[in-house]
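Student: Following my numbering, the numbering of the sequence shown begins with 1 at its first residue and continues without gaps.
Treat the hints with care, since some could be wrong.
[What the hints assert, rightly or not] Between beta-carbon pairs, the in silico distance windows are:
1) F157 / K130: 36 to 46 Å
2) P618 / S182: 43 to 53 Å
3) A50 / D682: 16 to 26 Å
4) I623 / Q104: 38 to 48 Å
5) K685 / C84: 12 to 22 Å
To be clear, the hints were calculated from the coordinates, so they are not data collected in a lab.
Keep in mind that this is a model prediction, so the values were computed, not measured.
Backbone N, C-alpha and C define an ideal beta-carbon position, used for all residues, glycine too.
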Amino acid sequence: MRFEELLKEVGAFSRFQGMVVLLLCIPRIILPLHFLLHNFISAVPPHHCANPPLENGSALAEATEARTLAHSIPQKPDGSPSSCSAFPSPVGNLSNRSSAVPCQHGWVYDPSQFHSTTATQWDLVCDNKKLNQALATFFFVGVTLGAVIFGFLSDKFGRKPMLLVSFVASAVFGIIGAFSVSYVMFAVTRTLCGISLTGMSIISIALSVEWTDVEHRTFTGTINGLSWTVGNMLLALLAYFIRDWRQLTLAATSPCLVAIVAWWWIPESARWLLANGKVEQAHKYLSQCAKMNGKESSSSMMNTEALSKVMIAEDTNTTYSYLDLVKTPKMKRITLCCGIVWFGVAFTYYGISFKITGFGVNMYLTHFIYAAVEVPAKVGTYFVLDTIGRRNGQAWSLIITGILIGINTAIPTDVEWVDVKHRLLVSLLGGFSWPLGTMWLAGTAYFINEWRWLTGVVICPLFLAMLTWFWVPESARWLIANGKMKQAHRYLSRGAKMNNRPEFSSKFTLEMLSSAVVVEPTKKNYSYLDLVRTPRMRRLALLTGPVWFGIALTYYGISLNITGFGLNIYLTQAIYGAIEIPAKLLTFYCLHKIGRRQSQAWSLILTGVCIAITIALPNHLQILRTVIAIIGKGLGEAAFTIILLYTAELYPTVVRQNGFGYNSFLARLGVSIAPLIMMLEDVWKFLPQVIFCTVAIASGTVAWLLPETLNAHLPETIDDVEQRRTVIGISAQEKGNIPLRSACGNTNEDEA
Numbered sequence: 001m002r003f004e005e006l007l008k009e010v011g012a013f014s015r016f017q018g019m020v021v022l023l024l025c026i027p028r029i030i031l032p033l034h035f036l037l038h039n040f041i042s043a044v045p046p047h048h049c050a051n052p053p054l055e056n057g058s059a060l061a062e063a064t065e066a067r068t069l070a071h072s073i074p075q076k077p078d079g080s081p082s083s084c085s086a087f088p089s090p091v092g093n094l095s096n097r098s099s100a101v102p103c104q105h106g107w108v109y110d111p112s113q114f115h116s117t118t119a120t121q122w123d124l125v126c127d128n129k130k131l132n133q134a135l136a137t138f139f140f141v142g143v144t145l146g147a148v149i150f151g152f153l154s155d156k157f158g159r160k161p162m163l164l165v166s167f168v169a170s171a172v173f174g175i176i177g178a179f180s181v182s183y184v185m186f187a188v189t190r191t192l193c194g195i196s197l198t199g200m201s202i203i204s205i206a207l208s209v210e211w212t213d214v215e216h217r218t219f220t221g222t223i224n225g226l227s228w229t230v231g232n233m234l235l236a237l238l239a240y241f242i243r244d245w246r247q248l249t250l251a252a253t254s255p256c257l258v259a260i261v262a263w264w265w266i267p268e269s270a271r272w273l274l275a276n277g278k279v280e281q282a283h284k285y286l287s288q289c290a291k292m293n294g295k296e297s298s299s300s301m302m303n304t305e306a307l308s309k310v311m312i313a314e315d316t317n318t319t320y321s322y323l324d325l326v327k328t329p330k331m332k333r334i335t336l337c338c339g340i341v342w343f344g345v346a347f348t349y350y351g352i353s354f355k356i357t358g359f360g361v362n363m364y365l366t367h368f369i370y371a372a373v374e375v376p377a378k379v380g381t382y383f384v385l386d387t388i389g390r391r392n393g394q395a396w397s398l399i400i401t402g403i404l405i406g407i408n409t410a411i412p413t414d415v416e417w418v419d420v421k422h423r424l425l426v427s428l429l430g431g432f433s434w435p436l437g438t439m440w441l442a443g444t445a446y447f448i449n450e451w452r453w454l455t456g457v458v459i460c461p462l463f464l465a466m467l468t469w470f471w472v473p474e475s476a477r478w479l480i481a482n483g484k485m486k487q488a489h490r491y492l493s494r495g496a497k498m499n500n501r502p503e504f505s506s507k508f509t510l511e512m513l514s515s516a517v518v519v520e521p522t523k524k525n526y527s528y529l530d531l532v533r534t535p536r537m538r539r540l541a542l543l544t545g546p547v548w549f550g551i552a553l554t555y556y557g558i559s560l561n562i563t564g565f566g567l568n569i570y571l572t573q574a575i576y577g578a579i580e581i582p583a584k585l586l587t588f589y590c591l592h593k594i595g596r597r598q599s600q601a602w603s604l605i606l607t608g609v610c611i612a613i614t615i616a617l618p619n620h621l622q623i624l625r626t627v628i629a630i631i632g633k634g635l636g637e638a639a640f641t642i643i644l645l646y647t648a649e650l651y652p653t654v655v656r657q658n659g660f661g662y663n664s665f666l667a668r669l670g671v672s673i674a675p676l677i678m679m680l681e682d683v684w685k686f687l688p689q690v691i692f693c694t695v696a697i698a699s700g701t702v703a704w705l706l707p708e709t710l711n712a713h714l715p716e717t718i719d720d721v722e723q724r725r726t727v728i729g730i731s732a733q734e735k736g737n738i739p740l741r742s743a744c745g746n747t748n749e750d751e752a
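Could you build all of it, start to finish, from the sequences and the hints given here?
Tutor: Right, dumping it as C-alpha cells:
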C-alpha cells in the first residue's frame, strides 16, 4: 500500500489536514514580518550635518534654523541641505563656503516619519550607509545558513522537534535584538534570528506536503501562501503605527508566542516516521488523523505490522545527506533545476520587495499594497496549478514576474499532510500569509519609528507561532520514510479521527502503514550528499538551485526597494503586500491549467520583462511605472509560491528537507546579495534593475528543464526519482498511472 492510499483511508483532506494547514499558517505569517522588516527599521530619514555648539550671544546662535543651515550646510541642486557635508568653522565665514568637509559633529535627523531607526541609532549614513544596508545581508546570510542546518536536522530528527527549536530561537534572538546596545550586537542577533526563522520556512512547507494527498497539495500550498500575504499586510500596519525600530521588532516577534502554543497540536510527519522505521509513532498520528476525520474504523485496522508494509525500503541503515540530492542522474537534474529556479524566484522577489519608496505614496501604503496584491495572486495560483500543472505554472509565473518586476515568496508547498487533489488549494491558502505579513510590516513600521521597538514588534508573532507549534503535526510521510511507523500511525490516526474517518482508525495497523511509502531496503541516514550521489538527483539539484537563487534575488531586490515610486515607504510596503493576493489567485489557476513547469518559467521571465519595462519608461510616467512594478511584484510572488510547491513535489520524502535546505541556502544567498546589488546604483542608476531582470529571465529559462509534477504522487525515495516510479495520482480510474514527464517528454515507458 502506498502512503497516498493510506491518507485516503484516514481522510485524504478533512478536519485533521485542515487543522494542520491552519496551524502552519502561523509561522508563514511570521516570516514576512522579519524578512521585510529591514525596509522600516533601517530606513534612512532626511538628515544633515549637526552644527557645532555656538557661543552665547553670537549672531548665528540667535538666528533662525533656516538661516543657520544656509550659513553652515551646503545646498543640493534642489535647495535642500546637503546630507553629508558642511562648511568648516568658523561658521558663517564666507571664505570657507567653497571648501565643504564631511560632517564633524554628527547628524540631525528629520523625526517626522521615523522616531528611531538603526540608521539614526548608530549614524549609519553617508560613509557608513553601507553598514546599514549590510544589516539586511547579515540577516539573509543567517537565513542561508539556517536553510542548510534545519534542512539536515529536520530530516534527521523529525519535522516537529526542529519546528519548536525554530519558534523558540526566533523569539529569543528577536527579543534580544530589539534591545541591542551596539551595531555589532544587533547584526549578530539578526543573523541568528535569520538562522532560526529558516526552520519555520522549510519545515512548515515539508510538513504540510507530507500530510496532504496529491489532489489537495495545491490547495494546501495556496492557503499557506496566503498566510504569508496576511503577514505581509500586517507588517505594513505595524510599521505604520510603530515608528520606533525597537518596538516594531518586538511587535514582529510577538506572534512567536502563539506559534509555541500551537505547536502542541502540530503532528509529526507520518511519512517521515515510517521512512525512519518509527512505525509505532506513525501509527499514533495516523490513528489521530483517522479519529479526527471520522475514520475510526480504518484506524482499528492499522497495526505496526501493516504500517511496516507501507514502505518498500531502500537501505534502512543508510544515512542520507545533501550528497543524495546529486548521487543519481534524475536527482541531479531535479536539484540543479530546482536550485536555479529557487535562486531566480527569491532573487527577483526580494529585489522587488526591498524597494517600496517609489510609488508616489508613503512607504507604508506601498508595502501594504505589495502585500495585498499577493492575495489574488495566490488565489490565481491555485487555479493555475490545477489547470496547467506545477511545471508550467512555475515557469510562467517566473517569466511573468520578470516582466512585471515582482516575485512571489509566499506560497509555500506545505503539503505532506495533503492529498494530490487538495495540494494546490492548500498551497494557495498558505501563500496568502506572506502578503499579510508584508502589509503588517508596512503598518507596523509606519507607527513605530524607533528601530529597536520596530524589531521587537515584528518578532512578537514568533510567540504566537511557538504557541501554535504544539498543534502542528509531524509529517506522516517523513515519519514513514524514516521508518518511524508508530509516530506516523499516531498522527494518521489523529487525522482520521479529526476528519471523521473513525472506521479507518479502528482498522489501521502498523503493518498497513509500513507498505504505504516506498523507502530504502535498510535503515539509512540521509544527508546533503545524497542530493548529488545519483544522476537524476544531481541534475535536479543543479536545476532547482539556480532557480531558487534567481527567484530570491529578484524578489528581495524588488521588495527591499520601497523608496523609488514617489510614495512614502509605508504605503509602498502595503501595496507590495496587497498585490501578492491577486498574484496568488492567478497562480492557483495557472498551476491547474498549464502545470508547474510552465507556470514557474513564465512567472520568472515575465518578471524580468516587467523590470525591463520599468527601466525603459521615463520617470514622468510615474503611474504607469507604478502599475507595472506592482503587477510584476504580484506575479513574482506567484513564482515564489510555485517554486515552494514544485520543489516539495520534485524531491523524495527521505531527502525532501535536505532538498529544501539546499535550495533555500541558494535562495538566501541570492537574498543576501540583493541589498549589495542595490548599492550599484552609485555606478549606474539602472544597473541593479538590469541585474534583477537578467537573473529573472535566466532563472525562468532554467525552469523549463524541470519535470512536470501536476497531480503526481510525492516521491518517497531516491529510487522513485531515479526510476520515475512516482505516478500521477488524483484517481487511478480518472487519471491512470501516468509517470512524471521531464522537459524532454521522457517517461518511464520511454526509457524502458
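Student: Hints first: check each against the structure and report whether it holds.
Tutor: Verification of the supplied hints:
The given range of 36 to 46 Å is respected by F157 and K130, whose C-beta atoms sit roughly 39 Å from each other. Range check, P618 to S182: Cβ separation about 44 Å, and the 43 to 53 Å hint holds. Taking 16 to 26 Å as the suggested C-beta distance range, the pair A50 and D682 conforms, at roughly 25 Å. The supplied range of 38 to 48 Å is met by I623 and Q104, whose beta-carbon atoms lie about 43 Å from each other.
Distance hint check: the CB atoms of K685 and C84 are about 19 Å apart, consistent with the given range 12 to 22 Å.
In summary, this structure violates none of the numbered hints.
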